[in-house]
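Fit chain B to the given chain A structure using the hints.
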Amino acid sequence: MAPVTHLEIDIRQKSYPHVGRAPAHLALESLKMTLQGSEFVCVLGPSGCGKTTLLNCIAGLDETYEGQIALPLAPNGHRPVVGYVFQNPRLLPWRTVLENIELVLSPEQVRSGLVDELLAATGLEAFRHAYPERLSLGLERRVALVRAFAVQPDVLLMDEPFVSLDEPTAQRLRLLLLQIWRDRPTTVVFVTHDMREAIQLADRIVLLSPAPGTVLADIPVDIARGDRREAAVVEGFRNQLIRENPALYREL
Amino acid sequence: MAFRSSVLLQALSLVALLASWQLLALLVESRVLPPPLEVFKVMVAGFKDGEIPYHIGITLARVAASFVLAMAIGVAFGIAMGRSKGLDRFFDGWLVLFLNVPALVTIILCYVWFGLIEAAAIAAVAINKIPNVVVTVREGARSLNPDYMELAQSFHIGSGKTLRHVILPQLFPFVVVAARSGLALIWKIVLVVELLGRSNGVGFQIYTFFQLFDVASIFAYTLAFVAVVQVIEIAGLQPLEARVNRWRR
Numbered sequence: 001m002a003p004v005t006h007l008e009i010d011i012r013q014k015s016y017p018h019v020g021r022a023p024a025h026l027a028l029e030s031l032k033m034t035l036q037g038s039e040f041v042c043v044l045g046p047s048g049c050g051k052t053t054l055l056n057c058i059a060g061l062d063e064t065y066e067g068q069i070a071l072p073l074a075p076n077g078h079r080p081v082v083g084y085v086f087q088n089p090r091l092l093p094w095r096t097v098l099e100n101i102e103l104v105l106s107p108e109q110v111r112s113g114l115v116d117e118l119l120a121a122t123g124l125e126a127f128r129h130a131y132p133e134r135l136s137l138g139l140e141r142r143v144a145l146v147r148a149f150a151v152q153p154d155v156l157l158m159d160e161p162f163v164s165l166d167e168p169t170a171q172r173l174r175l176l177l178l179q180i181w182r183d184r185p186t187t188v189v190f191v192t193h194d195m196r197e198a199i200q201l202a203d204r205i206v207l208l209s210p211a212p213g214t215v216l217a218d219i220p221v222d223i224a225r226g227d228r229r230e231a232a233v234v235e236g237f238r239n240q241l242i243r244e245n246p247a248l249y250r251e252l
Numbered sequence: 001m002a003f004r005s006s007v008l009l010q011a012l013s014l015v016a017l018l019a020s021w022q023l024l025a026l027l028v029e030s031r032v033l034p035p036p037l038e039v040f041k042v043m044v045a046g047f048k049d050g051e052i053p054y055h056i057g058i059t060l061a062r063v064a065a066s067f068v069l070a071m072a073i074g075v076a077f078g079i080a081m082g083r084s085k086g087l088d089r090f091f092d093g094w095l096v097l098f099l100n101v102p103a104l105v106t107i108i109l110c111y112v113w114f115g116l117i118e119a120a121a122i123a124a125v126a127i128n129k130i131p132n133v134v135v136t137v138r139e140g141a142r143s144l145n146p147d148y149m150e151l152a153q154s155f156h157i158g159s160g161k162t163l164r165h166v167i168l169p170q171l172f173p174f175v176v177v178a179a180r181s182g183l184a185l186i187w188k189i190v191l192v193v194e195l196l197g198r199s200n201g202v203g204f205q206i207y208t209f210f211q212l213f214d215v216a217s218i219f220a221y222t223l224a225f226v227a228v229v230q231v232i233e234i235a236g237l238q239p240l241e242a243r244v245n246r247w248r249r
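So the protein lines, in turn, are chains A and B. Our numbering applies: residue 1 is where the first sequence begins, and numbers increase by one. Our numbering applies: residue 1 is where the second sequence begins, and numbers increase by one.
There could be a bad hint or two in this list.
Stated by the list, open to error - Coverage of chain A stretches by chain B, computed from C-beta distances (three or more under 8 Å per stretch; other residues unrestricted):
#: 1; segment: 57–68
#: 2; segment: 82–92
To be verified - Here are a few chain B residues that sit away from chain A, every Cβ distance over 12 Å (derived from the structure):
#: 3; residue: 6
#: 4; residue: 22
#: 5; residue: 29
#: 6; residue: 51
#: 7; residue: 196
#: 8; residue: 233
To be verified - To give a feel for the contact side, a few chain B residues facing chain A, derived at Cβ under 8 Å:
#: 9; residue: 155
#: 10; residue: 157
#: 11; residue: 159
Please keep in mind that the hints were generated in silico from the structure rather than gathered at the bench. Small disclaimer: the values here were computed from a predicted structure and weren't measured. Beta carbons are placed, not taken as given, at the ideal position from N, Cα and C, and that holds for glycine.
Looking at chain A on its own, in the form it has when it is part of the complex (with noise of 0.2 Å):
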């Protein structure tokens, strides 16, 4: 039997409980999709549509949701290893950027020399004893990028990896994403509210309506991924999608 590769995700209903005044929060609501082996699929949708939330629930920080995910198999018949890119870079401050990196390593990983692969190809290797303190913003996200890279993951997350950026920092980021990607492929699930990061970056769109968030499109950009870099190739698949669904963008 060939190993599972995709990721399914079936969840009925993720609510939150109502907390002192606030009340109830019905989150994610029939929400279903497929990823296949190795597929890029931007999740996007307005602000509180429930993204983060959707990853939390396939990372496994969040298991009080009704429904199913099953990730895909390990090819060694291991746990699958997600790896999860956060909104802020999460690293910790005490230390720096090479351990915080090979905290999340098994030793076979620390001697493999993925790392130094990945801090060259980031363009890391002269802040691989620095504190993330000392660290750019941009820089930062950069080790966040390589830490979960370096796991090897069966499963990426990212949670809009790239807000706050300025726009040429974050398209270089974005740049970078993908020729990580090309080189070590894995199914990714990225999120984003920006719709033109989608089309560059996604094999496949998914549209998320505001929460309760469920699926409202399945979109394949079928740009060739070389004819992404010009803006005005972007532009025009936005258009084009916003023609189409006129209602659906309102709010991005």
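Then chain B, alone, in the frame of chain A:
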């Protein structure tokens, strides 16, 4: 220049203290207030015949043992109570009780129950200190950053690595506060323990000199011991703190 003038000021202050002591000793002219020079002579003699180093060594060993015991138990309980609401509610009453039992009562009870033995002495000191450590470390454990816990959990780094590399570094500032105030409290209680039920150590010696009304020796032991504690603070705790905090800007 600021540094030199502050050193100068400190030296002046020390000289002024010694001068007032000398002046007062001259005015009183009594065996119960010996002048600085006499105390210094007693101290030199005590170091020469090895008496002072011996008793200070014994006392320091007791301080070290009860310090390690109190910190280990206090940090463990502090983390547990800071992380678990159930444990916190359960043990909070005990904590309030132990915080308010006078040191003297604990010492006497330990000696009565366990006898005049070394273990009872060290346990009594540790029991006095543990509640303070728990309160301080619990505060730290309550304020752990949930972002870092999620990071550890999602990457499955395991509970050992999480404790050592994610939780303890966040608690470190609280542990240092507990350690510093702990050292100051513990060495004072150790002297009382020695006075009440041991036959060596600085506390025992001071009790002996008290019975002889030998104030010069009391001064000599006290000053020597204060100096040793200061050296531990400056040469031990401060560099450790600087090393662990080197990542801060």
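Hint check results:
With 3 residues having a Cβ less than 8 Å from any Cβ of chain B, the segment 57–68 of chain A passes the three-residue criterion, so the hint holds. A count of 7 residues in the segment 82–92 of chain A with a Cβ less than 8 Å from any Cβ of chain B is obtained; the coverage claim is therefore met, three being the minimum. Under the 12 Å C-beta cut-off, the non-interface status given to residue 6 (chain B) relative to chain A holds; the minimum distance is some 30 Å. At the 12 Å boundary, the C-beta of residue 22 (chain B) stays outside the reach of chain A, the nearest C-beta of that chain being 50 Å off.
Distance check for residue 29 (chain B) against chain A: the nearest CB is about 59 Å away, which clears 12 Å, and the non-interface claim stands. Every C-beta of chain A lies more than 12 Å from that of residue 51 (chain B), the closest at about 45 Å, which supports listing it as non-interface. Remark: the non-interface label on residue 196 (chain B) is consistent with the geometry, its nearest Cβ contact in chain A lying 43 Å away (cut-off 12 Å). Against chain A, the non-interface label of residue 233 (chain B) holds: every CB pair exceeds 12 Å, the least being about 23 Å.
Because the beta carbon of residue 155 (chain B) sits about 4 Å from the nearest beta carbon in chain A, less than 8 Å, this interface hint is met. The interface hint given for residue 157 (chain B) is met, as the beta carbon of that residue sits about 6 Å from the closest beta carbon of chain A, less than 8 Å. For the restraint placing residue 159 (chain B) at the interface with chain A, the shortest Cβ-Cβ distance is roughly 14 Å, beyond the 8 Å limit, so the hint is violated.
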